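Using the hints provided, position chain B relative to the given structure of chain A.
Listed below, chain by chain, are the residues.
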Amino acid sequence: MAKVPVQFTLNGSETAEFIESGTTLLNALRDKIGDTSPKGGCHQGTCGACSVIIDGELKLSCLTLAETCNGADIKTTAGLAEGGVLHPLQRAFLDAFATQCGFCTPGMIVAAKVLLDRTPNPSREDVVEALSGNICRCTGYEPIIQAVLTAARANSQNAA
Amino acid sequence: MAIRRGRGVAAINYPTGMNLGGDPTQALVHSTPTGNFMVTLSSVDLGQGMKQIMAQICAETIGVPTDRVVIDTADTDTGPHCMGTFASRGTHRAGNAVIQAAKEARQVMLEVAAEELEVNASDLDTDGQGNIQVKGAPQKSISIFDVALSAHFKRGRSISGRGMFLIPRSYPEKETGAMKPSTCYAHACTVAEVEVDDETGEVTVLTVKNVFEIGRALNPKMVEQQLVGGSWMGISHALYETTEPYYPNRDHGGTDFNQYLMPGPGDLAETEIIVLERPSADGPFGAKGPGEMCANPQIPAVANAVFDAVGVRIDTLPITPERILRALKAQAAG
Numbered sequence: 121m122a123k124v125p126v127q128f129t130l131n132g133s134e135t136a137e138f139i140e141s142g143t144t145l146l147n148a149l150r151d152k153i154g155d156t157s158p159k160g161g162c163h164q165g166t167c168g169a170c171s172v173i174i175d176g177e178l179k180l181s182c183l184t185l186a187e188t189c190n191g192a193d194i195k196t197t198a199g200l201a202e203g204g205v206l207h208p209l210q211r212a213f214l215d216a217f218a219t220q221c222g223f224c225t226p227g228m229i230v231a232a233k234v235l236l237d238r239t240p241n242p243s244r245e246d247v248v249e250a251l252s253g254n255i256c257r258c259t260g261y262e263p264i265i266q267a268v269l270t271a272a273r274a275n276s277q278n279a280a
Numbered sequence: 006m007a008i009r010r011g012r013g014v015a016a017i018n019y020p021t022g023m024n025l026g027g028d029p030t031q032a033l034v035h036s037t038p039t040g041n042f043m044v045t046l047s048s049v050d051l052g053q054g055m056k057q058i059m060a061q062i063c064a065e066t067i068g069v070p071t072d073r074v075v076i077d078t079a080d081t082d083t084g085p086h087c088m089g090t091f092a093s094r095g096t097h098r099a100g101n102a103v104i105q106a107a108k109e110a111r112q113v114m115l116e117v118a119a120e121e122l123e124v125n126a127s128d129l130d131t132d133g134q135g136n137i138q139v140k141g142a143p144q145k146s147i148s149i150f151d152v153a154l155s156a157h158f159k160r161g162r163s164i165s166g167r168g169m170f171l172i173p174r175s176y177p178e179k180e181t182g183a184m185k186p187s188t189c190y191a192h193a194c195t196v197a198e199v200e201v202d203d204e205t206g207e208v209t210v211l212t213v214k215n216v217f218e219i220g221r222a223l224n225p226k227m228v229e230q231q232l233v234g235g236s237w238m239g240i241s242h243a244l245y246e247t248t249e250p251y252y253p254n255r256d257h258g259g260t261d262f263n264q265y266l267m268p269g270p271g272d273l274a275e276t277e278i279i280v281l282e283r284p285s286a287d288g289p290f291g292a293k294g295p296g297e298m299c300a301n302p303q304i305p306a307v308a309n310a311v312f313d314a315v316g317v318r319i320d321t322l323p324i325t326p327e328r329i330l331r332a333l334k335a336q337a338a339g
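Residue numbers (this note's numbering), protein chains in the order written: chain A, 121 to 280; chain B, 6 to 339.
Just chain A, same shape as in the assembly (with noise of 0.2 Å):
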C-alpha cells in the first residue's frame, strides 16, 4: 500500500512522518515518532490508555487515523513537564500515589489537563465525569480523583 505524508504538531514540535494509510494515530505515534506515553490497552476505544489532546479536545488515538490529523496539534503525556519540571498534574499523581503499574496514567493526565484547561475549579463530579472514559485497575480510582482536585487546587493557588 501506498505511504501518505503526515504532518502535525506534537508537543510543539514540528514532526513528519510518512506512514501506511489506515495506520492508527496510536501505532504512528508508537511505533514511527517513538512517542509511547499513550499505551494500546484494547485498541477499540474502550479504556482510555491511549487518549492524546488533539487540538484541545480529549481523543483516542486508538480510533483515530494518523492521516487525519495533518495540520494539527497534539499533545500527550509525554510533553506535559517544561524543562524537566513535572506539569502540576503529573506531581500530583505522584504526591497522591495515584498510580502504581502506570498503564492507564498517561491516559488519566490528558484527561485531567483537557478538563482542567477548561473548569479550572472542577467539583469531584466533574473529575468523575472527565475521567469516567478511562479505566484503572490498580488504584480504585479514589487517589486519582483525588490528585486531579489537588493540581486543580495548586493551579488556582498559583493564579491567585
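None of these hints come from the bench; they were simulated from the model. It cannot be assumed that every hint is accurate.
Between beta-carbon pairs, the in silico distance windows are [to be verified]:
{"#": "1", "chain 1": "B", "residue 1": "Glu246", "chain 2": "A", "residue 2": "Asn241", "range": "31 to 37 Å"}
{"#": "2", "chain 1": "A", "residue 1": "Thr156", "chain 2": "B", "residue 2": "Thr248", "range": "26 to 32 Å"}
{"#": "3", "chain 1": "A", "residue 1": "Glu140", "chain 2": "B", "residue 2": "Thr39", "range": "29 to 35 Å"}
{"#": "4", "chain 1": "B", "residue 1": "Thr248", "chain 2": "A", "residue 2": "Phe138", "range": "55 to 61 Å"}
{"#": "5", "chain 1": "A", "residue 1": "Asn241", "chain 2": "B", "residue 2": "Met184", "range": "58 to 64 Å"}
{"#": "6", "chain 1": "A", "residue 1": "Ser276", "chain 2": "B", "residue 2": "Ile8", "range": "49 to 55 Å"}
{"#": "7", "chain 1": "B", "residue 1": "Ala79", "chain 2": "A", "residue 2": "Thr156", "range": "15 to 21 Å"}
Predicted, not measured: the structure shown is a model, and the values here were computed from it. Ideal Cβ positions, reconstructed from N, Cα and C, are used throughout, including at glycine.
Only chain B this time, still in chain A's reference frame:
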C-alpha cells in the same frame, strides 16, 4: 417494592506465599565501583512497588541511603531463581533473600573498610549516609564510595552477597492430614453497608470499612495505596466481574473491556482503611503479604449485607441484579 439497607461483616485469614514443592526465592547483591548497590532478582514488579520495597530492605541491611540501591528485575532467564510474584509472597520471600545477600555484601564492605582504616571490621559501623566509621570514634571514617574503589582497584575484592530463602515442602502427617502450608498469615475484617433495590435487584455499596493486619508496613503509603485499590477490587469481584456469567454456558461472556464490568470512578463506595501492624516472626523486618488478601473480605461482607437487606443468600459471584431477583422470586414462592 423498596430500597432496603443492609450491613454485613466478614473476617479472613490469608496465607503469605504457598507451599507446593517448596517455595524458594534467591537474590544477588553487588556493589558498583562507585559504591552503589545492585540487587538482582527474578521477582517481577507488577506495579505493587516491589522494587521500592527491595531497595528499602537492601539499604536498611547494608546501611546506605535507599537511593544508593538499584533493583534489577530485568530477566528471569538470567537472574537468580524466584518462584514468582504471586500468592502475596514477593515482599516476604524476596525480602528475606535480599536481607541475606545484603548481609554478606555488608560484611565484605566492612572488611575492605577495615583494611583501609587499619582497624578491626567488627569495630566498624555504617552511618546510614554513605560512610563507614569506627564505633565511638566517628571522626575516623571512610566513604563507601572510597571503599568500593579500593575493593575494585586495590584490594581485588568483590563486595557482593548471595541470598536464598526457601520454605521447604511441607508434607501432611499421615494420621491427621495436618501440614503447614504457609508460614505466616495476614488478617482482615470488613464491614460493608449496602442498599438493595428489591424491584431492580441493583446493589449500591454505601460504605466499606476495612481493618487489615499485615505485619510490619515497610512503606506505609504504598501499603495504603495497595489496600485502597484492593478494597475497590473486592467490591468489583463481589458485584461486577466475571468472564463466565452463565458458566459452563458461554453465553453473554464478556470478550472485551466493554463487556467486562468493573465499577468506574462514579461507583465508588465511601472507603475506610485501618492498618494494624503485628510483625511476623519470619518476615523481612516483620512484613507479611498484604497484596491479595486486601481484595477478599469485601466479598463475603457484601454478600452478608445483601442477605441482611433482602433476606436472600447469593452463593454465586458476582452478585448480579439477576441473581438477586431470581432469589427473591424463589423466596416469595416459598
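Structure-based check of each hint:
no.	hint	in the structure
1	B:Glu246 to A:Asn241: 31 to 37 Å	holds, 35 Å
2	A:Thr156 to B:Thr248: 26 to 32 Å	holds, 29 Å
3	A:Glu140 to B:Thr39: 29 to 35 Å	violated, 47 Å
4	B:Thr248 to A:Phe138: 55 to 61 Å	violated, 41 Å
5	A:Asn241 to B:Met184: 58 to 64 Å	holds, 60 Å
6	A:Ser276 to B:Ile8: 49 to 55 Å	violated, 38 Å
7	B:Ala79 to A:Thr156: 15 to 21 Å	holds, 18 Å
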